[in-house]
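As given, the protein sequences belong to chains A and B, one line each in that order.
In terms of my numbering, the first sequence opens at residue 693 and continues consecutively.
In terms of my numbering, the second sequence opens at residue 1217 and continues consecutively.
Please keep in mind that the hints were generated in silico from the structure rather than gathered at the bench.
No residue lacks a Cβ here, since even glycine has one placed at the ideal position from N, Cα and C.
Hints may contain errors.
For each label pair, taking beta carbons as the anchor points, the in silico distance ranges come out as [stated by the list, open to error]:
id : chain 1 : residue 1 : chain 2 : residue 2 : range
1  : B       : Pro-1265  : A       : Gln-832   : 41 to 49 Å
2  : A       : Ser-768   : B       : Leu-1242  : 55 to 63 Å
3  : A       : Pro-933   : B       : Glu-1272  : 50 to 58 Å
4  : B       : Glu-1288  : A       : Ala-840   : 16 to 24 Å
5  : A       : His-917   : B       : Val-1227  : 49 to 57 Å
6  : A       : Ala-751   : B       : Ala-1269  : 33 to 41 Å
Selected chain B positions facing chain A (Cβ under 7 Å, derived; list incomplete) [unchecked claim]:
id : residue
7  : Thr-1266
8  : Glu-1284
9  : Thr-1285
10 : Arg-1296
11 : Gly-1297
12 : Arg-1305
13 : Leu-1310
14 : Pro-1311
15 : Gly-1314
If you want the ones that stay clear, here's a sample from chain A, every Cβ over 12 Å from chain B, calculated [stated by the list, open to error]:
id : residue
16 : Gly-795
17 : Arg-797
18 : Gln-814
19 : Ala-829
20 : Gln-832
21 : Cys-834
22 : Glu-861
23 : Glu-882
24 : Asp-910
25 : His-917
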Amino acid sequence: MQQGHLGRRSFLRGNLLGFTALVLPSALRALEFGGANMPWSAGAASPPYAGITDARYFAASEYAMVDAITARIIPSDDTGPGAKEASVADFIDHQLAGFYGRGQRWYMQGPFPEPLETQGYQAPHPPAELWRTGLAALEQHCRDSHGAGFAALDDDTQDDILKAMEDGEIDLVSTNAAQFFDFMREMTIEGFFCDPVYDGNRNMVGWRMVGFPGARYDYRDFLHHNGAAISMPPVGLMGRPAWTRQ
Amino acid sequence: MTQLHREVDVVLAGFGWTAAILAHELTQDGLEVVALERGGWRDTPTDFPTTHAPDELRYYWRHEMFQETAQETQTFRNRRGQTALPIRRWGSYLPGVGVGGGGVH
């Protein structure tokens, strides 16, 4: 009994030893790097919202068009919510106002001849300008052939126009209709399924619709579920609304 | 301006996965090794934290860790007779830049 008792003195000694053991290896590691500090510093990790902007790009009329277009690409119907509920137009608006819209990371110099289908993005404009030019051309087309702007047309007419764009059967002023449609479609999907920090996938409606639980770090707890369906509320980079104190 | 550095046994050009493995093996054998890397330093706690590494838009679609075509790119065509055009956005392969190289994809 007496021998097993941990007195205050021995407790302190033990702690000191433990402390030394913790400090020593890092001091040795520092020596390995020529006596300098480690090549990283604690807490230097860039935050998850780096590159996210609150800035807006679209004018009100453009925004209304984008809202209408994306709502036809992923409509709200009996399969679930669509681009409107996921605020896809907000996502695109923010993306185009940032580095992505400016094509900042892309080689954007000429030449710009008619590309092969396999040559990827070859529009002569960075994404933001592609949208602005394309939307103006599409609006012009709608007024000329249907007597009203895109957002004012009924769903079926909107679908027909988008389909014709996809098939390259519409000539738009200074815009390759098929290329522009592909890009609109791509960004609509991005905005529907992105992490909510980017302002799309609002309330995680996209993830809920397909049963995606969020990009969690670790699924080892669920490896042996014997084929049973796993039902977890989705979680994003910033957690989920239920975690935030109201 | 020429800078002279201390002579070492091995200089590795680029510090992707291959060079990292080589560096490990060579230093284990007692050789002095310097790796030259055109991109920045990367380490696990700063650049691969589990809290935001799963950001698919940032890392997968916006290619945050890869060479920017604005800086350097290549031209592409499928066969002779076609006109090769500059790759503006990476598609089928992702040239790396920075410690870890293409292996960070």
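What hints, given by number in increasing order, does this structure fail? 3, 4, 10, 11, 13, 14, 15, 16, 17, 18, 23 and 24
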